[in-house]
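Trainee: Residues per chain, in single letters:
Protein chains: 2
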Amino acid sequence: MTSPLSNRQVRLASRPNGLPTRANWQFTDELVPADAPDGGLLVQVTHLSLDPAMRGWMNEGKSYIPPVEIGAVMRAGGVGRVLASRHPGFAAGDAVSGSFGIQTHCTVSAEQVKRMGFAKVDLKLASATRWLNVLGMPGMTAYFGLMDVGQPKAGETLVVSGAAGAVGQTVGQLGKIKGLRVVGIAGGPAKCDWVVKELGFDACIDYKAGDVKAGLKQHCPDGVHIYFDNVGGEILDAALARLAPGARIVICGAISQYNATSAVQGPKNYLSLLVNRARMQGMVVFDYADRYPQAIAELAGYLNDGRMTSREDVVEGIEHFPEALLKLFSGENFGKLVLKV
Amino acid sequence: MTSPLSNRQVRLASRPNGLPTRANWQFTDELVPADAPDGGLLVQVTHLSLDPAMRGWMNEGKSYIPPVEIGAVMRAGGVGRVLASRHPGFAAGDAVSGSFGIQTHCTVSAEQVKRMGFAKVDLKLASATRWLNVLGMPGMTAYFGLMDVGQPKAGETLVVSGAAGAVGQTVGQLGKIKGLRVVGIAGGPAKCDWVVKELGFDACIDYKAGDVKAGLKQHCPDGVHIYFDNVGGEILDAALARLAPGARIVICGAISQYNATSAVQGPKNYLSLLVNRARMQGMVVFDYADRYPQAIAELAGYLNDGRMTSREDVVEGIEHFPEALLKLFSGENFGKLVLKV
Numbered sequence: 001m002t003s004p005l006s007n008r009q010v011r012l013a014s015r016p017n018g019l020p021t022r023a024n025w026q027f028t029d030e031l032v033p034a035d036a037p038d039g040g041l042l043v044q045v046t047h048l049s050l051d052p053a054m055r056g057w058m059n060e061g062k063s064y065i066p067p068v069e070i071g072a073v074m075r076a077g078g079v080g081r082v083l084a085s086r087h088p089g090f091a092a093g094d095a096v097s098g099s100f101g102i103q104t105h106c107t108v109s110a111e112q113v114k115r116m117g118f119a120k121v122d123l124k125l126a127s128a129t130r131w132l133n134v135l136g137m138p139g140m141t142a143y144f145g146l147m148d149v150g151q152p153k154a155g156e157t158l159v160v161s162g163a164a165g166a167v168g169q170t171v172g173q174l175g176k177i178k179g180l181r182v183v184g185i186a187g188g189p190a191k192c193d194w195v196v197k198e199l200g201f202d203a204c205i206d207y208k209a210g211d212v213k214a215g216l217k218q219h220c221p222d223g224v225h226i227y228f229d230n231v232g233g234e235i236l237d238a239a240l241a242r243l244a245p246g247a248r249i250v251i252c253g254a255i256s257q258y259n260a261t262s263a264v265q266g267p268k269n270y271l272s273l274l275v276n277r278a279r280m281q282g283m284v285v286f287d288y289a290d291r292y293p294q295a296i297a298e299l300a301g302y303l304n305d306g307r308m309t310s311r312e313d314v315v316e317g318i319e320h321f322p323e324a325l326l327k328l329f330s331g332e333n334f335g336k337l338v339l340k341v
Numbered sequence: 001m002t003s004p005l006s007n008r009q010v011r012l013a014s015r016p017n018g019l020p021t022r023a024n025w026q027f028t029d030e031l032v033p034a035d036a037p038d039g040g041l042l043v044q045v046t047h048l049s050l051d052p053a054m055r056g057w058m059n060e061g062k063s064y065i066p067p068v069e070i071g072a073v074m075r076a077g078g079v080g081r082v083l084a085s086r087h088p089g090f091a092a093g094d095a096v097s098g099s100f101g102i103q104t105h106c107t108v109s110a111e112q113v114k115r116m117g118f119a120k121v122d123l124k125l126a127s128a129t130r131w132l133n134v135l136g137m138p139g140m141t142a143y144f145g146l147m148d149v150g151q152p153k154a155g156e157t158l159v160v161s162g163a164a165g166a167v168g169q170t171v172g173q174l175g176k177i178k179g180l181r182v183v184g185i186a187g188g189p190a191k192c193d194w195v196v197k198e199l200g201f202d203a204c205i206d207y208k209a210g211d212v213k214a215g216l217k218q219h220c221p222d223g224v225h226i227y228f229d230n231v232g233g234e235i236l237d238a239a240l241a242r243l244a245p246g247a248r249i250v251i252c253g254a255i256s257q258y259n260a261t262s263a264v265q266g267p268k269n270y271l272s273l274l275v276n277r278a279r280m281q282g283m284v285v286f287d288y289a290d291r292y293p294q295a296i297a298e299l300a301g302y303l304n305d306g307r308m309t310s311r312e313d314v315v316e317g318i319e320h321f322p323e324a325l326l327k328l329f330s331g332e333n334f335g336k337l338v339l340k341v
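Going down the list, the sequences are from chains A and B. Residue numbers for the first sequence follow the numbering used here, so the first one is 1 and each next one is one higher. Residue numbers for the second sequence follow the numbering used here, so the first one is 1 and each next one is one higher.
Treat the hints as calculated values from the structure; they're not laboratory data. Errors might be hidden in some of the hints.
As the list claims (entries may be wrong) - Pairs of lysine-lysine residues, derived as PhoX-like cross-links and limited to a Cα-Cα distance of at most 25 Å, are as follows:
1. A:K268 / B:K213
2. B:K217 / A:K62
3. B:K268 / A:K268
4. B:K62 / A:K268
5. A:K62 / B:K213
6. A:K213 / B:K268
7. B:K340 / B:K120
8. A:K217 / B:K62
9. A:K62 / B:K268
10. A:K213 / B:K62
Hey, can you work out the whole structure from these sequences and the hints?
Mentor: Next up, the structure:
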């Protein structure tokens, strides 16, 4: 390490009310240290994952993980290259994934390497963007949400909202591999076409074009056995109205509600759970961390034998982070949203 | 059978909008036949069960059982005495429970005896009113809702709404027997006192006196592991806001919503399911019919060894059915509501 490098960072300047704006962010520059800390790593971040969950992390108050503090570098998972290592498990040049934050360089302490799940990734097995998608948090969420919470049985009907999104694309393809009838819900004809033609879903309902309830009635003649919910709001209510007896609803997210400035919309059809002896269950992917390797191996197998594909929406340049994040909430992004640093 | 008897009946005259009124009912009289039908029973009805679920049966449309048709005798479970039997399993004089409907006499066909779960009851084991309460549908609902859906573990905290009602009283007492900390929610000091002093709950929150959320915070310092919901509405939201990680919500009923003339109030705190990896599951007692005998034996044991008690609110006279039913929705009844015929 010879010449000093600059670490460009994006910090949370203030908590948003509704959609985040540029005023909620602060750009800072710090000098990159000349070496890794004792027992730790110095990483050049190459790709960052932009996720709906980030909106929740910007809020104050108790949740499944603490909020990002005002003034702190915004939390984000990513993939990078080790510039310097004083950790026995890593060498300079290794590709690595972990919670780097929205910045170009990341200094990782020995303790962080252990506690925060930094891991070597094999870029021959899959590209960096796929390590943030199918083999990253979205893929893990899809895998454990569908398999553990959804408990699919071959022949059942699975409905997934946000079908063209990061989690939805893997949920649906995995559902097909497991022998389910799979119906997606997505916004606009381009996404719906891709979901059916490229991902092989049995059908996809365009929620922007019309009546989701009517679409579910048409495409789920035997009712919905598993509903994998990424969106909440009216689409959750439409799915509740179409449940099959014994149905399972996986509550993975509620992107329609994350920027709400009034109260969250409760599912007014929740008594369908009673009538249909159904259940609605929340999940947080971190609970399954000790089983990630098994899920990664299975999903990488599907990617490499061609039974599964993926799509990433790559935005270049850390300076575009504030606008790129908003694509998640406008429905503008198509596939897993990745910021190339 | 010598002199002709009159069978007084209450029929559904029209479907109510909101609370049922007397105009929704029609009183009719029919001649009681001189004998039981071939292979069936003629029963004199002595006690009828009045339940919140009846309100749902009065509505049109698909539910877990078909609605009561206009002009039909109102559906109701009850206990009676066999006047005449042409069925090998019953003799005149036997006490019997079954779906008799709101009427003084019931003619039961051979096929109905089999299909609708008519059964001999032992009035030495428990009184007729207890056969409609702890050993009847409310007790079965409490037992399977708590044990199968709630899956209690000793030391956990159970919260039950409608704690002084038919289902709630057995849920809470069974919870105590199973080693749980039990907190009730009921309306008014008389009910709350009874729930704590007579039933042995650890605490009872008076929802009419104030802030249920604050009460849950005070009485559930480790959060709510099981919430058994009989009421829905704001109390469900308060419980959602206080869930422990991995909590189970049993959706048994939603009496606050049954007479709503506008849309049902969805639980706006449902994303607490996600944050707490919790689940909300509906149940219908009929699904457990093949295990009723086991539950009855266990609960009768608790009644007879004094570990469990019960309270019934008995209204006399079939002509008072329309007003008696309303006590369920005003919160006026105290204990299991029974109509003595």
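Trainee: Each hint needs a verdict: does it hold in this structure or not?
Mentor: Taking the hints in turn, this is what the structure says about them:
For the suggested pair K268 (chain A) and K213 (chain B), the alpha carbons sit about 21 Å apart, so the restraint of at most 25 Å is met. Of the pairs offered as hints, the one joining K217 (chain B) and K62 (chain A) holds, with about 15 Å between alpha carbons and a cut-off of 25 Å not exceeded. Only pairs whose Cα atoms come within 25 Å are accepted, and K268 (chain B) paired with K268 (chain A) is accepted, the gap being roughly 9 Å. Using a Cα cut-off of 25 Å, the hinted pair K62 (chain B) and K268 (chain A) holds, with the two alpha carbons roughly 17 Å apart.
As the CA atoms of K62 (chain A) and K213 (chain B) are separated by approximately 16 Å, the hinted pair is consistent with the 25 Å bound. Proposed proximity of K213 (chain A) and K268 (chain B) is supported: the alpha carbons are some 21 Å apart, at most 25 Å. Annotation: proposed proximity of K340 (chain B) to K120 (chain B) holds, straight-line Cα distance about 19 Å (limit 25 Å). Straight-line distance between C-alpha atoms of K217 (chain A) and K62 (chain B) comes to about 15 Å, which keeps the hinted pair within the 25 Å bound.
The hinted pair formed by K62 (chain A) and K268 (chain B) meets the criterion: a straight-line CA distance of about 17 Å does not exceed 25 Å. As the CA atoms of K213 (chain A) and K62 (chain B) are separated by approximately 16 Å, the hinted pair is consistent with the 25 Å bound.
No hint from the list above goes unmet by this structure.
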